Each structure stands twice: as structure tokens, then as C-alpha cells.
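For the record, the sequence lines run as chains U and H. According to my numbering, the first sequence is numbered sequentially starting from 428. According to my numbering, the second sequence is numbered sequentially starting from 428.
Just so you know, these hints were derived from the structure itself, not from any lab. Since the model is a prediction, treat every value here as computed from it, not as a measurement. One or more hints might be untrue.
A pair counts as met if it fits within one copy or between any two copies, since identical chains are not told apart.
[Unchecked claim] Quick list of in silico lysine-lysine cross-link-like pairs, BS3-like style, CA-CA up to 25 angstroms: (1) Lys805 x Lys841; (2) Lys614 x Lys648; (3) Lys794 x Lys782; (4) Lys811 x Lys826; (5) Lys805 x Lys794; (6) Lys826 x Lys841; (7) Lys826 x Lys782; (8) Lys841 x Lys811; (9) Lys578 x Lys550; (10) Lys794 x Lys826; (11) Lys475 x Lys841; (12) Lys841 x Lys813; (13) Lys826 x Lys578; (14) Lys794 x Lys811; (15) Lys578 x Lys475; (16) Lys826 x Lys550.
Number of protein chains: 2
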Amino acid sequence: MKRSTRCNRKGSDLPKSTRHRENPIIPIEGGVTAAAGFRAGSTRAGIKASGGEDLALLSSDFDSAAAGTFTTNAIRASSVDWCENLLPTNRIRAVAVTSGCANACTGRRGENDTATLARLTGKAFAIPAESVLHASTGVIGRFLPMNAIAKGIASLAPALSTDGGASFAEAILTTDTRKKEVAVRVKLAGGSITIGGCAKGSGMIEPNMATMLAFITTDAKIAPDRLHAAIRRAVDRTFNLLSVDGDTSTNDMALVLANGASGCAVTSGDRTAFDGGLFMVCDLLCKAIAADGEGATKRVEVAVSGAASAADARRAAKAVANSTLTKCALFGNDPNWGRIACAIGYSGAAFSREKMSIRLCGVPVFKNLQPIGFDEIKIHRLLKEKVVAIDIDLGNGDKAAAAQTCDFSYDYVKINAEYHT
Amino acid sequence: MKRSTRCNRKGSDLPKSTRHRENPIIPIEGGVTAAAGFRAGSTRAGIKASGGEDLALLSSDFDSAAAGTFTTNAIRASSVDWCENLLPTNRIRAVAVTSGCANACTGRRGENDTATLARLTGKAFAIPAESVLHASTGVIGRFLPMNAIAKGIASLAPALSTDGGASFAEAILTTDTRKKEVAVRVKLAGGSITIGGCAKGSGMIEPNMATMLAFITTDAKIAPDRLHAAIRRAVDRTFNLLSVDGDTSTNDMALVLANGASGCAVTSGDRTAFDGGLFMVCDLLCKAIAADGEGATKRVEVAVSGAASAADARRAAKAVANSTLTKCALFGNDPNWGRIACAIGYSGAAFSREKMSIRLCGVPVFKNLQPIGFDEIKIHRLLKEKVVAIDIDLGNGDKAAAAQTCDFSYDYVKINAEYHT
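Same shape as in the complex, but just chain U (with noise of 0.2 angstroms):
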């Protein structure tokens, strides 16, 4: 995945947490089978109908602690409530995925499919049901394909191999147009550890207390209960800040694997190192998907400032990201910043009707609940660019935060009246 785009604003997006002093966090190269000790793979399993790479299987060559967020939607597939009750865990070995069907709305059959899925995947490691996470998306209402897939674990589960975080990360894709793979090296007290993982998600995005399909895997020796604190902290600062259309699926999950191949652990010293590394990956994914967002032709990042407190500045940043007329608006490369303005003002979000300050592209566009004259020249070749910035200081206090959403394109439409049939 290529991290280098900069957004067209000051600054960077490495999280401040790295940035003004020794860096103990480095980009690497690779995805879930970058950490110690997990292999993955995938294969043609029959389950999508254009024949394309869609079950993919991790597994962990030790025991590893595992959490994750799960969504918040009512109506959740199986595999959802399957995680959900096993986590958090010491005793995950794998994780199977199934892509380009949702198995939500499925009822009882989707149940007993999910879990003779996790007996199949259990048998062929020689590790028990209980130790296999199952995730799913793809059409909502349509029942798993269980022949094949039996079939297609069978085959798969001896050729995972440490190098197959790609093929694992590609083959979980539906609408998306690219894998979205990051990993990171960080620095603990007792050594160096490896966090990596892949998403995918591009449409039907709107996580809430939860996010689109993560998987994460560290080699670093952690507990279940502090695993999952991490987790839920890095979810709500990356994920729970994303939105490509304002609709929460119902298969949203993000999972994280620490299997302690490293034979590092993380010390309570170590906390600021991990967890920066934790949602340095997660961030790096949640941009990704943004950028990938089903029609996207730019990633948006809206950052909201001088918050009275950060539900505020929630409230705020996700209104902006959920408006379709000011993504349409960036899609024309159109300045057309009331739009922002007026989903400021229906956020909910408390703000300072004098202090109140807009910019575009670093630009600023509106103060004082009055418009700035701007170079409309300047600020239209700045909208083309792949990331744009809205920066928004409610002018109200010291409290921050800032979501990740794409511009709305003919071909959302396109892609989503055209899914299904």
C-alpha cells in the first residue's frame, strides 16, 4: 500500500504520537503474516460468482491472545455473534474468511453454517472450534455455498505459508478495487515487536463502535483483557471515524491476534509504544479504505479543532463526512463550502457562532458565520489533488478529532444499483 500521499494540509500523517521525538515505530513492508509465527493463504472456493480468489484462512503457529470490535447494527451476521462470544481469548489459532457472501439474514441455517465452518477449519488445523474466528461479507441474504467451502478449507489449510498476508488480504475483497495492507515495527523494552494487518471495506461503511473487516496480528506477548483495551482505543480514533456512505453493515468486525512469537512482552512501560503502533495500523487501513471507497476519486480528511469536547468534534467531523451534497460538491472539485457549514450547524455539535472558522485545502473559506474571499483558481486545483483537507476550528474549547471519508462519484451509483442482480 503506498502511505507516502499527503494530505493538502501542514503537517503529516504520522500520528502525533510519533512525531517530535525518537521514533519507535517504522514502517515495514507487508500485511497479516508479517509479525512471527502467522501464515495465510486463499483460494477460489466457488462463493463469489465472477470465480475470483474469495476464502481465505490465517493461522497462528501458537495460541494467541485475541479481541476485537464488532458492529453495532441490530441485524449481524453470524459470524459476528460467533467472534463476539469467544473474544477476548488466549486461545485463537486461526481465522477463516468467507467473501462475497454476508451470511447475515440467514437465520438458523447461517448459524449452524458458521459454526460447522469453525468445526472444518478446526479439524483441518487439529485445534478445536472454539479456537477459530469466522468472519463474512458480501450479499446480505444469501446462504453460504457450505460444499465448496468445505472443500476449499480442506485444500487450503496445509498451503498457508508466512508470505501469504497478500493472497490473504486480496481475497477478502468485494467491491474494492486494491488490498490495503500495512505493517510496523516497534521498539518495546524487551525488544522489537511487529504489529501488521489488512482490511478490506468499500461500501456499506459506516462503522460505529465497531469497523469494516480488520485483521491484525502481533508476535508480541500481551494479555487478552489488555488486548482488547487496545483495540477498542485504536477502533474508536480510526475506524468509528470512517464513513464512505453513512451505512453501518451488519458484518463489521476488527480483529486483533497476539501470538508472542517474539518473545517480547509488552511491559506496562511499553503501553505508548504499542498502542501507537497499534493505531498507526489501524489508521493507515481506515485511510485506505477512504481512499478506496466504493467511486472514490480522492480521499477526504476532516479534521475538526477547538472542540468544547471530543463527542463534539465527533459530532462535528462525522456530519461533514456524511454529507452527501459536500461530497458530491469535492467530486466536482466545486469550493462550495455552506455545504460544510450546514452540516456543522445540523451535527449537534456545540460551536462559537463568531469564533466558528472553515478552511479548504488549507485555504480559509468562511469566519465569523461570514464568507472569505478566496483564489478560486488556486483552490480548484487544490480539490483535484487525491487528498483533500477540511479543517474546521469550532472555536469553542481545546477538544479534536477527525474522520476519513472519499468524494461521491456517478459511480457509487453505478456500482451500487448494479451489486446485486
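Once you've looked at the hints, dock chain H against the given chain U.
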């Protein structure tokens, strides 16, 4: 306005209260000048770059009781503040509407312009500025061309006529493709009265305790407070359940003027009939806005029943009406009901997992959290009709609500990528 388009669902567009007994509410031709004692007209003042009609005036021959509901957006046009400060009252004589410039986010100068506009209109009719209401719609963040508007008001005011309602309804439009007018005659104990109205609205539409611009007149005699209560109830059941794109505008308002010119007072025994007539006018204008949503190829009616509370019914109906994914599928004539289930799931509405069911175009597609097989060719044909019905039974009680929306097409994106520049 064509009012005969039927939904592909059993029943009719008429409100329930008028269905099963001698009907005291009769649809008639006309709009804001259908009621006695109102005059209207419009002109090209030079606000719209297109050179179209952009200044509309409505006057009453008598002091009118007037009430309104207004946008809940914290960033509001000065026209909204102006009207809300005056209402409810019994001294309104005129309404001035500027179209093509929202006069929102224009600060002190915008406020002064609104006051000047009211003063100029008052001067033209020889009435106080406080007897003039003002509504504005168009691009946010631009100033009104006051010199051109002053000339427009002076020349238009003497030219208003009792058959100028259509001209008024035409001039207030922006991205709308057709005018929206409705009128009804209502039989009260003391005689017949008329209620007529028009509305504009096509994008930036998710009214929230308010609406897009709607202007309703009646020649009934009714106290301002009583009128205020009646319009609030009607708006809550109609415009507040309407969404085109989930963006709550800075300029929304629904105004109702009652000038008593019929000589017929609304007695306490007439309440049901009067409210029914007002509801029908709002309901049909609301459906007309949904059908003419930006880029819409069809109107979509989301009817939720079986809810434990009215709030739950509204939540579920609005979540589905706001689901971009569902609306793209409907544009593609695609029976992708999984997206409807998904939206119900994240709506926050309580429902019974066992009893919740979905019908699309009258065809059962989902029950017991399981798909129901259906005739794909038949449903594909039904989805091509001008009005599509989504019926959801939450299986959890006896409360109901219906939301209005439209499908989501390439043209929505096109219109909103190109509107400003």
C-alpha cells in the same frame, strides 16, 4: 400537480381520516391563491445566474393569522430568524421569497439585507415591515443583490393577482424540475373553506422539525396559536418524515397564513376536518418533493408498522429512507432487500427478531430473519414503477409511520457536483 400516481401497495394516497366516511375534504385546482383574499406573482429580479424568475411575492387582502415551522440547523439563514421572531401572529400581510441565493452564512450584512427586504416590501404594500415574512433559498454564502431586489419588489407588488399562485410556485424553485401546488376545499360546520399551498425542495432535504420552503394559505378564520399547533402536527407527520439526501438545510421553513376571507371560523368541532385538510396539503406537497428529489426517477414510500412506539416507527422509516445503498439499488431496479434489513438494524428502533418482516412492492421478501423466495422477474417489473412501496412490520407493537424519499441516481451526483460553480 398530478396527484393520481398510485403506490404499488394496496390502499391509496389519501390520508386515513378521509377514507372511510363522508369526505369533508375535496382536492381542487390551485395553490397559494386558491383561498380567497390572497394574491401572488413573480418576476426576474436578477438573483439567479440563469436569468429565471427569482423573486416571488404573496399578499393577503386582510391581516392574517400566521404560523410556521423552521429548520433546526444551528446555522440558519437570517430569513429563518426573521420569521421565527414574528410568529405566531395575527398581523401578516405579505411573504417575499428570493430564490437562487440562500442568504445564509452571510452574517450581519445578511441580517440587514433581510430587514431591508421586509421594509421595502412593506413600503410597496403600505404595511409595516413586521407584517412581512421572508424566505430565501439557493447558494449558501452569497449576498443578496439588494439593488436589483428593490427594483423587483417595487415593480412586482402592484402586479400581484388572485391567479398568480402558479407563477409564485414556479419562481421559488431552484434545482426542482417542476412546481408543486396543492389545494383542497374543506367543509366545516359554518361553511366551506379552502387551504392551498406550494413548496420547493429537491436537494439538501432532510427536514428536521421543519421543512423545505412550503407556503400554505387558507381563508379560514383561526387564531394564530391554534394555527401554530395545527401546522406543527401536520409538518411532523409529513415534511419531517421526508428525506432526499439526509442534509438538513439552513433555510427550511413551512409557513401557513389564514386570512379569514371565507368568513368561516374553525370551531372546536371543526378541528378534525381542518387538520385533515392541512395534513392533506402538506402530505401531497411532501410526496411531490420526494418525487422531484434531485435526480430522482421514482418516489419511494417507506411504511413502518408494528412498532412499540411512534418514535421507533419513525426511526426505522427514516433510516431506510436515508440509506444511500437502498436508494441506489432502487435506482437499479434491484430487489436488494438486504440493504433495507441492514438499515432497520442500525436505525436504533426496537423490533422482534422473530416477527419482523419486509415487503417490497407488496411482495414478501424477508421474515423470521430469513430470506423468502420471490418472483425476481415480477418484482423487477414492479420496481420500475413511478412509486415504490417498502412495507416493514417490526412485529413489536401497533404504532406506525411512513417516510417519503426517492431513489438515488447518477443525476443526483451530477447536479450536486456542478451546482455551485
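Do the hints match the structure? See the list:
1. Lys805 x Lys841: between (31 angstroms within a copy, 23 angstroms between copies)
2. Lys614 x Lys648: within (13 angstroms within a copy, 79 angstroms between copies)
3. Lys794 x Lys782: Answer is within: at 7 angstroms inside a copy they meet the 25 angstroms cutoff, but 52 angstroms across does not.
4. Lys811 x Lys826: neither (30 angstroms within a copy, 49 angstroms between copies)
5. Lys805 x Lys794: within (19 angstroms within a copy, 55 angstroms between copies)
6. Lys826 x Lys841: Classified as neither: same-chain Cα gap 38 angstroms, cross-chain 36 angstroms, threshold 25 angstroms.
7. Lys826 x Lys782: within (15 angstroms within a copy, 44 angstroms between copies)
8. Lys841 x Lys811: The answer is both: 22 angstroms in one copy and 17 angstroms across copies each meet 25 angstroms.
9. Lys578 x Lys550: within (12 angstroms within a copy, 84 angstroms between copies)
10. Lys794 x Lys826: For Lys794 and Lys826, only the intra-copy Cα distance (19 angstroms) is at most 25 angstroms; the inter-copy one is 45 angstroms.
11. Lys475 x Lys841: Within one copy only: 19 angstroms inside a chain, 32 angstroms across chains, cut-off 25 angstroms.
12. Lys841 x Lys813: Both. Shortest intra-copy (21 angstroms) and inter-copy (20 angstroms) distances satisfy the 25 angstroms Cα cut-off.
13. Lys826 x Lys578: neither (53 angstroms within a copy, 49 angstroms between copies)
14. Lys794 x Lys811: Answer is within; shortest intra-copy Cα gap is 24 angstroms, inter-copy 46 angstroms.
15. Lys578 x Lys475: within (15 angstroms within a copy, 65 angstroms between copies)
16. Lys826 x Lys550: neither (50 angstroms within a copy, 49 angstroms between copies)
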